[in-house]
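Student: Chains as they are written, first to last, in our numbering: chain A, 1 to 158; chain B, 159 to 284.
Incorrect hints may have been included.
Stated by the list, open to error - Keeping only pairs whose Cα atoms sit at most 25 Å apart, straight-line, the calculated BS3-like set for lysine-lysine is:
| # | chain 1 | residue 1 | chain 2 | residue 2 |
| --- | --- | --- | --- | --- |
| 1 | A | LYS146 | A | LYS127 |
| 2 | A | LYS81 | A | LYS56 |
| 3 | B | LYS276 | A | LYS83 |
| 4 | A | LYS56 | A | LYS151 |
| 5 | A | LYS77 | B | LYS232 |
| 6 | A | LYS77 | A | LYS151 |
| 7 | B | LYS280 | A | LYS59 |
| 8 | B | LYS278 | A | LYS83 |
| 9 | A | LYS83 | B | LYS265 |
| 10 | A | LYS56 | A | LYS83 |
| 11 | A | LYS146 | A | LYS77 |
| 12 | A | LYS83 | A | LYS146 |
| 13 | A | LYS77 | A | LYS66 |
| 14 | B | LYS265 | A | LYS81 |
| 15 | A | LYS151 | A | LYS83 |
| 16 | B | LYS278 | B | LYS261 |
| 17 | B | LYS232 | B | LYS261 |
| 18 | A | LYS66 | A | LYS146 |
| 19 | B | LYS280 | A | LYS151 |
| 20 | A | LYS81 | B | LYS232 |
| 21 | B | LYS265 | B | LYS276 |
| 22 | A | LYS127 | B | LYS280 |
| 23 | A | LYS98 | B | LYS261 |
| 24 | A | LYS81 | A | LYS59 |
| 25 | B | LYS261 | B | LYS276 |
| 26 | A | LYS98 | A | LYS77 |
| 27 | B | LYS261 | A | LYS66 |
| 28 | B | LYS232 | A | LYS127 |
| 29 | A | LYS56 | A | LYS66 |
Unchecked claim - Quick list of the computed label-pair ranges, beta carbon to beta carbon:
| # | chain 1 | residue 1 | chain 2 | residue 2 | range |
| --- | --- | --- | --- | --- | --- |
| 30 | B | ILE238 | A | ILE73 | 17 to 27 Å |
| 31 | A | VAL156 | B | GLY231 | 45 to 55 Å |
| 32 | B | ARG192 | A | VAL40 | 17 to 27 Å |
| 33 | A | MET14 | B | ARG253 | 13 to 23 Å |
| 34 | A | SER48 | B | LYS265 | 49 to 59 Å |
No lab work stands behind these hints: they were computed from the structure. Small disclaimer: the values here were computed from a predicted structure and weren't measured. Quick reminder that beta carbons are idealized off the backbone N, C-alpha and C, glycines included.
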Amino acid sequence: MNLQIVINIIIALMWMFLSESYTFSTFLVGYLLGILLLFVLQRFIPDSFYMDRVIKVIKLIILFIKELTLSNIEIVKLVYKPKLDFEPGIFALPTELKSNWEITILANLISLTPGTLSIAVSEDNSKIYIHAIDIPDVVESINDIKETFEKAIMEVTR
Amino acid sequence: MSGTWINLLIDIIISLSLLTGTFFIFSASIGMLRFPDIYIRLHAVTKGSTLGIAGIMIGAFLFLYVEHGIVSGKLILGMIFVMVTSPISGHMISRAGYHNGVKLWDKSVRDDYAEAVKEKRKSIDN
């Protein structure tokens, strides 16, 4: 993957020299051409095409923004509720992710989902402790949320 | 004639994004005052402020671009950094609060973290 990025940058630089204009936009055009070349020649280059992974990262970012917007709307609804009749609490969520990096992303994503806030990670990195505004409501839905997040994160990091 | 229409539309979009941004930040501060304990207040602050700031930044970015022709990368960067850092700060503040013994709200129904903290305290004492 690193090799492919280096090749891509070299192609972009070559494009700059060939067209004899040394601006950022020429570099960008060269970079896009490089992506196209790598896409056409992907059978002859070691490792899988690196834009696949970039697309997965972009998907993860879109998921992030979607959840962020939903949770904002949810919290605004709670703020203007005349009666505070929810049941908050802390529960433990087991996770399959191992490395620090993955768990950081998962905890951040959980913090931004509606009604949940990650409070701590257990010593052996196997559980994330989550504060939920309305426990009965959250415990039902948390499992599918967790699965979609874990899947998206694993696709990027592994 | 078509030019004025587009200008009006862009003005409306800019004002809408600025207004939604201020609305979300205003709601976050009201939540800060209304909610009963530190953890629920953090919910309001970490979430409400991100979309609020994003809205204001997008409004400012569009305004600068349309009125003055400036593409301001700083505003976009600021938006991204707020989005990335606010959940982390929420996590750290709530964790620090818990370890300093801030109590949950009276109506809280569950606390799984208390056992983990207790076990950890025991292992340190021994």
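Student: Evaluate each hint against the coordinates.
Tutor: Now the hints, each set against the structure:
| no. | hint | result |
| --- | --- | --- |
| 1 | A:LYS146 <-> A:LYS127 | holds, 12 Å |
| 2 | A:LYS81 <-> A:LYS56 | violated, 38 Å |
| 3 | B:LYS276 <-> A:LYS83 | violated, 34 Å |
| 4 | A:LYS56 <-> A:LYS151 | holds, 11 Å |
| 5 | A:LYS77 <-> B:LYS232 | violated, 31 Å |
| 6 | A:LYS77 <-> A:LYS151 | violated, 30 Å |
| 7 | B:LYS280 <-> A:LYS59 | violated, 44 Å |
| 8 | B:LYS278 <-> A:LYS83 | violated, 37 Å |
| 9 | A:LYS83 <-> B:LYS265 | holds, 13 Å |
| 10 | A:LYS56 <-> A:LYS83 | violated, 42 Å |
| 11 | A:LYS146 <-> A:LYS77 | holds, 23 Å |
| 12 | A:LYS83 <-> A:LYS146 | violated, 30 Å |
| 13 | A:LYS77 <-> A:LYS66 | holds, 17 Å |
| 14 | B:LYS265 <-> A:LYS81 | holds, 17 Å |
| 15 | A:LYS151 <-> A:LYS83 | violated, 37 Å |
| 16 | B:LYS278 <-> B:LYS261 | holds, 18 Å |
| 17 | B:LYS232 <-> B:LYS261 | violated, 40 Å |
| 18 | A:LYS66 <-> A:LYS146 | holds, 15 Å |
| 19 | B:LYS280 <-> A:LYS151 | violated, 36 Å |
| 20 | A:LYS81 <-> B:LYS232 | violated, 36 Å |
| 21 | B:LYS265 <-> B:LYS276 | holds, 22 Å |
| 22 | A:LYS127 <-> B:LYS280 | holds, 20 Å |
| 23 | A:LYS98 <-> B:LYS261 | violated, 31 Å |
| 24 | A:LYS81 <-> A:LYS59 | violated, 34 Å |
| 25 | B:LYS261 <-> B:LYS276 | holds, 15 Å |
| 26 | A:LYS98 <-> A:LYS77 | violated, 35 Å |
| 27 | B:LYS261 <-> A:LYS66 | violated, 32 Å |
| 28 | B:LYS232 <-> A:LYS127 | violated, 37 Å |
| 29 | A:LYS56 <-> A:LYS66 | holds, 15 Å |
| 30 | B:ILE238 <-> A:ILE73: 17 to 27 Å | holds, 21 Å |
| 31 | A:VAL156 <-> B:GLY231: 45 to 55 Å | violated, 25 Å |
| 32 | B:ARG192 <-> A:VAL40: 17 to 27 Å | violated, 59 Å |
| 33 | A:MET14 <-> B:ARG253: 13 to 23 Å | violated, 50 Å |
| 34 | A:SER48 <-> B:LYS265: 49 to 59 Å | holds, 52 Å |
The structure is inconsistent with the numbered hints 2, 3, 5, 6, 7, 8, 10, 12, 15, 17, 19, 20, 23, 24, 26, 27, 28, 31, 32, 33, although it conforms to all the rest.
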